[in-house]
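*Asks:* Make a model of the complete structure from these sequences and hints.
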Amino acid sequence: MKDKTLIFGNGPCAHYIAEDLLSTGEDIVIATTDKTCDFSPSEHSESIEILTDTRLVSCRGSVGDFRILAARNNKEIKRTVAGVIVAEEDQRKSNFSLYGLKASSCVITLSQAKELLLDSSHKQSIFLKAKKVVFLTGLVKESHPAIAEEIMHSALRLQSDFNLQTYILTANLKVAADGLEALCRETKEAGAVYIKFTDTRPEIHSKSNDSVQIEFVDEITLKKFRLTPDITVVDETIVPSDYAVDLAKLLSINTDPDGFVQADNVHRFTVFTNRKGIMVAGPSRSIQTYSDQITDAANAALVSAGRMAGLQIVPEDRAEIDKGLCIRCLTCYRLCPYRAIMLNTRVVVEPHACERCGICAAQCPRGAIHIKDLEPESISNEMATGERLQEEDTFMPFLVAFCCSRSAIQSGELSLRMGHKLPPGLKVIEVPCSGSISFDHIYGAFERNADGVMVLTCHEGNCHSEQGNIYAKQTVAQIMDMFLQIGFEKERLAVQTLASNMGTEFAEMVNRFEANIIELGPSRLKKNQ
Amino acid sequence: MGNKNVLIIGGGTAGLSAAVELVNLDIHVDLVEKSDFLGGHAIGYTCKATRNTCVKCGACMVEEKLKDTILHPKIKIWTGSRVQEVSKNGRFTAKIHCKPKYIDPHKCTNCRICFDKCPVDGAILHGFSKNNIPFYAINEELCLYLKDKSCGLCRDECPETAINLDPKATEYIKEADAVLVAAGFHPFNPEDKPYGYHRFQNVITSLDLERMLKQVGRVKRPSDATIPERIAFIQCVGSRDSKLNHLWCSKVCCGSALRMARLLKERQPDIDISFFYIDVQTFGKDFEQFYKDVQEEVRMIRAIPGDIYETDRQKLKINFLDNNTHETLEEIFDLVVLSIGITPGKDNGEIAELLHLKLADSGFFKSGAEEASAPNTGIFSAGTISGAMSIPETIASAGKAARQIVKYFRANDS
Ligand SMILES: Cc1cc2nc3c(=O)[nH]c(=O)nc-3n(C[C@H](O)[C@H](O)[C@H](O)COP(=O)(O)OP(=O)(O)OC[C@H]3O[C@@H](n4cnc5c(N)ncnc54)[C@H](O)[C@@H]3O)c2cc1C
Ligand code: SF4
Ligand code: SF4
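Chains H and E, in that order, are what the protein sequence lines are.
For the first sequence, the positions run 51 to 579 when my numbering is used.
For the second sequence, the positions run 845 to 1258 when my numbering is used.
Bear in mind the hints are in silico, worked out from the structure with no lab data behind them.
Quick caveat: nothing in here was measured; it's all calculated off a predicted structure.
Any given hint could turn out to be false.
[To be verified] Below, simulated EDC-like cross-link-like pairs (lysine to aspartate or glutamate); rule was C-alpha separation at most 20 Å, straight line:
no., chain 1, residue 1, chain 2, residue 2
1, E, K1129, H, E139
2, E, K1129, H, E539
3, E, K943, E, D1166
4, H, K576, H, E539
[To be verified] Derived, one-sided and incomplete: chain E residues facing chain H with beta-carbon distance under 10 Å:
no., residue
5, A893
6, G902
7, R1062
8, P1066
9, Y1121
10, V1142
11, V1250
[As the list claims (entries may be wrong)] Derived coverage of chain E by chain H (criterion: at least 3 residues anywhere in the stretch with Cβ under 8 Å from a Cβ of chain H; other residues may be distant):
no., region
12, 1031-1039
13, 1156-1170
Every residue gets a Cβ at the ideal spot worked out from N, C-alpha and C, and that includes glycine.
*Replies:* In structure tokens:
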């Protein structure tokens, strides 16, 4: 049986992905909560299954083998798929209340305006009788180019096909999308008037007969104006659909603060999530223009079709749980950012899903999780090479820096390449993620005669393992507390953040740290003191 | 697809991202980059994180793409090279011209002695990433030996004998099944604007500031290396400009400038920053909050200054129309940063001719509906070659191009 890809969604992005995957012979399943789906593939229709009126119930397993349970009319649907793509459409929230307005026959949303303009017969259109149309956007909350684009297209139609006068009232006019500045010129040439506000805002009154009156001082001419539009079009805030938010929960995908189904983290560029094999494309992951959606669809298809190559080799250096030590406390299950821990008859790590961040091993209260080359012992042995350097008359502190392989290791090498001088007693130890650093690692360093220990992590929001840097910070804070209690200088331990391109800053950090340690003198925990 | 080969022109964010995607699908890549270093413009950008928090500028992702590229055995890297002729007879045949390799990458240990010893400022160039290998390169335009054989210090001083100042340029013929154009953009040259760029030392571009921050982590006045007390950022220099017929927003400058402004406020809090703009564009998912915060730290002025004059101690006088009082104000700044836009690449015309393509009126390659790659030409494009894009957008466009290439191969094999 061929491996299938499951696509959630029924909008343009989902359809683009489906068409694209079918064209290279992939097998796909489309699942939508809509009652109907008008997707008709131009070829390979035998490779597609469409599930309408269907909701996800649960998803077990991991990349290559997701076991999907869905429901349609209280009936269970089960499918096994290799990969999942979330491509649901977004949802619009009207901004009437932001402007103190209420929906009426002459106060409508941008979506309503677009829909009216789509209807080519125009016979019923309220625009036929109107003379003046006002668009309100970005006056209370910032607008977005995706919204601005829709407003400009609508204004252009109204100016040229309906011979109406349009006014666009905004604060920052958002033109940061392909072709928008040119489109804006075109609307101006067609007669649309843009009125921009900086420190002032228009006064918007709704009258008893539902009509709207807008008063403002034009910031350029300083003249007072009053607009009485026949129709007021109010902008919208774009949010993820409720079902997309549900899907994120059911699939254990981290979302951004607005609920879009992709954490706001550069490591998720372009269509990735914290889970291998689950992608998110189009308006499910961010506010997008139409052309963004097409690009996203191609990227989802690219990753989806290319996925199988990586699945043939089973990685050997992944986390493993010692079943003799495991007490099923499920700490690892809770903390694994990639959802690689499976609860079968025993707790196991799925090697394909594991990214070898080491968070589970550092956090397991029983020390039951092992990752090759990441054990505190093997890391301590690595330190021995730095320790041997220490036979000088003047105090040259032995400094251990645990560095995340994605950020601090890179910036450390860059700083050397740039010609920065680093402390002679600095021993850099590479870890896959700072979240893999445990009490044992840090104590081990002091036991190995370190005078100071640094933990150098990615910036917040930049951790590939989402929270690894936060766990590192917590571990360090706890050890500092203990140091305080036993009267050991907590300044000998530091945690700081870096990105891979911060060579200069790396040098500054470690040199400043060295100066602090020289001031403190050798560590009392040193064996040969 | 182990027997397919793609020729990529340009080794910036777009070329690197596409190369990585293609080799992951078992497709061979020849990556041709005209400069001495891979990474394009963005490899020189600074991390703009503030308060230990990433602001998603994307710069470090370019670093990652570069690392993945140089580690991959199936990507053949051609730095200092250009594609000179392309013909198509089923497959593409391309002539690659490589300028002389003065520094032997296998011998060079990046010890920096050449850079330190060279008597001419700028005659030895350096890269921006540890993955720029070698990290140094000889600048043919400034090297004295190449001019009149009057020097040769670097060659003599190099402990590894890695430098040869007399090698010849070389030419290779390569076959490819598809061509991807990813030659990027040209940062707008503001010399013709009345802002005194290159005439006044303390007028710099946002690109200069990115690099200054990446190199030394702090801002200083080029004229006297003092810390400026007052900085002005001027936005939309070369973008949204109908006089220049630049009818586009460069999309990235508001984000780049405001993020750098905040970084400066964090590192050098005594600096006063004013930000001259037309409209602040949305960037990043947390824009609403970012914009609120930045207004507390940076003085936002909705006006684009007319002229800049130099005053005593190489300070700069800016005239602008105040939005509230409607009077023309005059203010003095210690440093001015011009947020220059993304304009069509210098080589676009040449590359288009090479491949028998037509450019859009703007000078960019055609994109979207009028894609450079009319189906079945086997020619594709990615990145800012077809218009302003941010780093994330560039990476996405490279992914899209890689997918188009895969589909093109499948369609033409069956
Ligand atoms: C001042 C400034 C600040 C910016 N800041 C940000 C930011 O903070 N965040 C963000 O997301 N984006 C930012 N950007 C945008 C970012 O620079 C671009 O998105 C990115 O560099 C585009 O990559 P590219 O590969 O398309 O082009 P480029 O970076 O221009 O790379 C093109 C490459 O092709 C090579 N090349 C050109 N012609 C030829 C030829 N004929 N043969 C062979 N090789 C050739 C060039 O040497 C270059 O290496 C900024 C842009 C500017 C101008
Ligand atoms: S190492 Fe990281 S990715 Fe692997 S199982 Fe542990 S927590 Fe998950
Ligand atoms: S995305 Fe930008 S701000 Fe964030 S860590 Fe990378 S370089 Fe720094």
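*Asks:* Does each hint hold? Answer for all of them.
*Replies:* Now the hints, each set against the structure:
1. Of the pairs offered as hints, the one joining K1129(E) and E139(H) holds, with about 18 Å between alpha carbons and a cut-off of 20 Å not exceeded.
2. Simply put, K1129(E) and E539(H) have alpha-carbon atoms about 41 Å apart, too far for the 20 Å limit, and the pair is violated.
3. For the hint pairing K943(E) with D1166(E), the CA-to-CA distance comes to about 52 Å; that exceeds 20 Å, so the pair is violated.
4. Simply put, K576(H) and E539(H) have alpha-carbon atoms about 13 Å apart, close enough for the 20 Å limit, and the pair holds.
5. The beta carbon of A893(E) comes within 4 Å of a beta carbon in chain H, closer than 10 Å, and the hint placing it at the interface holds.
6. The beta carbon of G902(E) comes within 6 Å of a beta carbon in chain H, closer than 10 Å, and the hint placing it at the interface holds.
7. Residue-level restraint check for R1062(E) holds (minimum Cβ-Cβ distance to chain H is 9 Å; threshold 10 Å).
8. Proximity of P1066(E) to chain H is violated relative to the hint, the smallest CB-CB distance being about 18 Å (cut-off 10 Å).
9. With its C-beta approaching chain H no nearer than about 9 Å, Y1121(E) sits inside the 10 Å limit, and its interface hint holds.
10. A hinted interface residue such as V1142(E) counts as satisfied when its beta carbon comes closer than 10 Å to some beta carbon of chain H; here the least separation is about 15 Å, so the hint is violated.
11. Because the smallest distance between the Cβ of V1250(E) and any Cβ of chain H comes to about 7 Å, under 10 Å, the interface hint for this residue holds.
12. For a cut-off of 8 Å, the count of residues in the region 1031-1039 of chain E with a CB near a CB of chain H stands at 0, and the three-residue condition is violated.
13. Here the region 1156-1170 of chain E counts 3 residues with a CB under 8 Å from a CB of chain H, which clears the bar of 3, and the coverage holds.
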